[in-house]
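Asks: The primary structure of each chain is shown beneath.
2 protein chains.
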Amino acid sequence: MENNQIKNNSITRQEDDFAQWYTDVCKKAELMDYSSVKGFIIYRPYGYAIWEQIQKYLDKRFKESGHENVYMPMVIPASLFQKEKEHVEGFAPECLIATKGGKEELDDHLIVRPTSEVLFCDHYAKIINSYRDLPKLYNQWCSVVRWEKTTRPFLRGAEFLWQEGHTMHASEEEARTETLKMLEVYDDLGRDVLAIPFSKGRKTDKEKFSGALETYSIEALMPDGKALQCGTTHYFGNGFAKAFGIQFQSKEGKLENPYQTSWGVSTRLIGATIMVHGDDNGLVLPPEVAPIQIIVIPVAANKPGVIPAAREVAQKLVDAGYRCKVDDSDKTPGWKFSEYEMKGVPLRVEIGPRDIEKGQVVIAKRNDGSKIFCPIEELADKVHQLMKTIHQEMYEKAYKYLLDHTTDVHTMEELNAALEKGGYSKMMWCGNQDCEDKIKELTNATARCLPFNQIPNGETCPVCGKKASKVVLFAKAY
Amino acid sequence: MENNQIKNNSITRQEDDFAQWYTDVCKKAELMDYSSVKGFIIYRPYGYAIWEQIQKYLDKRFKESGHENVYMPMVIPASLFQKEKEHVEGFAPECLIATKGGKEELDDHLIVRPTSEVLFCDHYAKIINSYRDLPKLYNQWCSVVRWEKTTRPFLRGAEFLWQEGHTMHASEEEARTETLKMLEVYDDLGRDVLAIPFSKGRKTDKEKFSGALETYSIEALMPDGKALQCGTTHYFGNGFAKAFGIQFQSKEGKLENPYQTSWGVSTRLIGATIMVHGDDNGLVLPPEVAPIQIIVIPVAANKPGVIPAAREVAQKLVDAGYRCKVDDSDKTPGWKFSEYEMKGVPLRVEIGPRDIEKGQVVIAKRNDGSKIFCPIEELADKVHQLMKTIHQEMYEKAYKYLLDHTTDVHTMEELNAALEKGGYSKMMWCGNQDCEDKIKELTNATARCLPFNQIPNGETCPVCGKKASKVVLFAKAY
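The listed protein sequences derive, respectively, from chains A and B. Numbering-wise, this note's numbering puts 325 at position 325 of the first sequence, and it's gapless, one number per residue. Numbering-wise, this note's numbering puts 23 at position 23 of the second sequence, and it's gapless, one number per residue.
Just so you know, the hints here were simulated from the structure itself, not pulled from any lab data.
Calculated cross-link-like contacts (lysine-lysine; reagent style DSS-like; alpha-carbon spacing at most 27 Å):
(1) K421(A) - K226(A)
(2) K100(A) - K149(B)
(3) K56(B) - K56(A)
(4) K208(A) - K466(A)
(5) K63(B) - K331(A)
(6) K400(B) - K470(B)
Chain A residues, not near chain B, derived (Cβ > 10 Å throughout):
(7) G245
(8) S250
(9) E252
(10) D368
(11) I372
(12) T407
(13) K470
These stretches of chain A come out as covered by chain B in the derived footprint (C-beta under 8 Å, 3 or more residues):
(14) 32-46
(15) 64-70
In this text the structure is predicted, and so the values were computed from the model without any measurement. C-beta: ideal position from N, C-alpha, C; glycine also.
Turn these sequences into a full structure, and let the hints guide you.
Replies: In structure tokens form, the structure reads like this:
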């Protein structure tokens, strides 16, 4: 069969300028637009719909594991924000602050939430009294504001959409379990929904969340060799609980402070999905989050019966549970092929007069461009199987990239060389922050995580030469 | 069967102090809590879950009618906000304004969105070029901030959750149709989901939205005789489009300004639901929005087999698609009855040793307290039927109240007497705003709407005595 695809040449090629390619895709696939508010983006329908799919998966998982959604105020009084010292120091430089309400100057300025730990703690102090009130497993879907100097669509912005879980537990053990359990939920999202293999692990103290005792993260590797932190979970111990006077009477009748966690993922996941899977023709979306999973395109649409046949095929796929559309507009098939490739639609179904005669359609896979013929009566089954295959292929491709770009390093020279090449540098670390600082200073790379999968590749720290037992992944990062 | 219900006496009775009853229910049913941010409430899990049910229904209806969700920035530059004069005048007095970002003073202050017309228009100006780009049917789920002096949970607050639809159309007719169509969707929500009969109609010019040409509303009557505006749809003509330079090339090749609508409902609907259906035992929730539709309570739970039987019954109902929980805690049945009455759970299923013997359960309806026995094997069918009955009964009760509290008035004396009694005063109106102003001045009542159902009850305006052809509903309002 003739290949009548038309390459969309209006976006920068990845190898020419990856950052520009990314921006081009964000705009051309109509995922977002810039707004008149500096640093704030508009989530356009196609981008927002991806977020809705992510929400749907996570919200279900959260609820299944006993979490409840709530909604807290979008602003935090400055007086309240200052209660936990480390926390406020971490966030103060990037806060947007409201100082006027109506015609009045506000005595207590209001900080537009950069995160809501303090609001949850303030509320928990009121509603937690007894061990019977625990655990409290709350989650919130909202947007937060971080006053960032340099912004990039989905990756770093003045405002982004996210979920923030905030939980309180009677015991340290239970809170620690929650911290790791939610990281697993995020990891499942990567594996089963976004087709992204995450590296899971603990953050170094230098990289952890302001106010947390421990931070865990999922990290993904981008095609430019840089790591992207895609989600974090935090274990707080009872530091905030003490600062906010949250106490409960234990089963034994003692007054105790509960143990706290928080965890979040954001629309940054859209950025990860764009980069991990995209190519020079645009987006390549994993089937689970694709707003349109199948696009049906009539070929030689002016011939009698073609448009009705295309619509019938599309309806069949809608009935089978797919997000499927037919494009029967008067644009050329070539234009349409290029458009839906740009939009990363996983499957394209073509149907023309000859196909109708033969009772078949052509199915093209976005992820590798391959095409097959399929009898119409087998279409739903075939599509079902192809969707699974596509997801698997996308995951495996990303996983292979991850493996190919993880380098074992044992010396500073090797580290430099590996970071130059891009990807993760896996090395032993003595655990001393000085060595971590030095790497950052020399290479601008940061410790992404101490991966759960701790398989030592040496015995000494490449920086100080001292004995080292921790495996750490370093990389340049977004 | 013995009536072992325990009245929850910890809330104020409606007839003693309706406003206090309302606040008591909001707190005791754990729908909300006050936060440390003056005027801002916390949407607790039980309250937020009601909102999620409302969202689910509306989001489906919006999408089915071709609307797409987007997300716009939460702040609006002051310079942009001032582009449409009437609009800014209406909202400026109640804006929360950010003046600092990070350590810097902002040149262009940022207004926390009270509504997003200007952001949508600013975006539409960029993306609408041709008639092919129309209509644009966008919706946004978010929160907005109005710096209100006096606030009441769900009814009037500094921040509330809502959806705002913003659409652009090539023709005036299409935009007008959209304005009325979305009002119908809201009306359906009332009839089919909230069991609230809304009065639909057009707002007078005095009461319309700042910047709109026409505003339509759904109004509900509360048990204290006051009306509550529950949602509005606006037709803007092309005023904003001109102010923001939104133009498209028509099919005929002419440059034209598109026609605009916006429409919204908010968490105020939760307030309406609480008031319309609640009683002295607490909330009474319509089945469609009840976070828990059925509570199963084991009676004599210490007897062998009771708790497993209760769990089995609950599982059966979960499998049948209901939001059903079993309370097998060690609290007394009396405490539990009272608790789930407070929470307005539509059906309570009781099961004790004698019930198990007989293969039956007791079902109690929250809306009228009636009880029946039901063989366990018929339970799912019976529940299905009861849920329909409850919804219908609740709607009819509210509708009867509405009819009983709508008084035909023909003179100022009758108007005064009717408003004193509470409810709607239906009267003829000359259409002159002076007469509307005078009623407000004398009685503090406002024109709620010119109902679509225009059945004249006279020929002259009670205020000026002049010829009048418009039917209007006046009431004191929230």
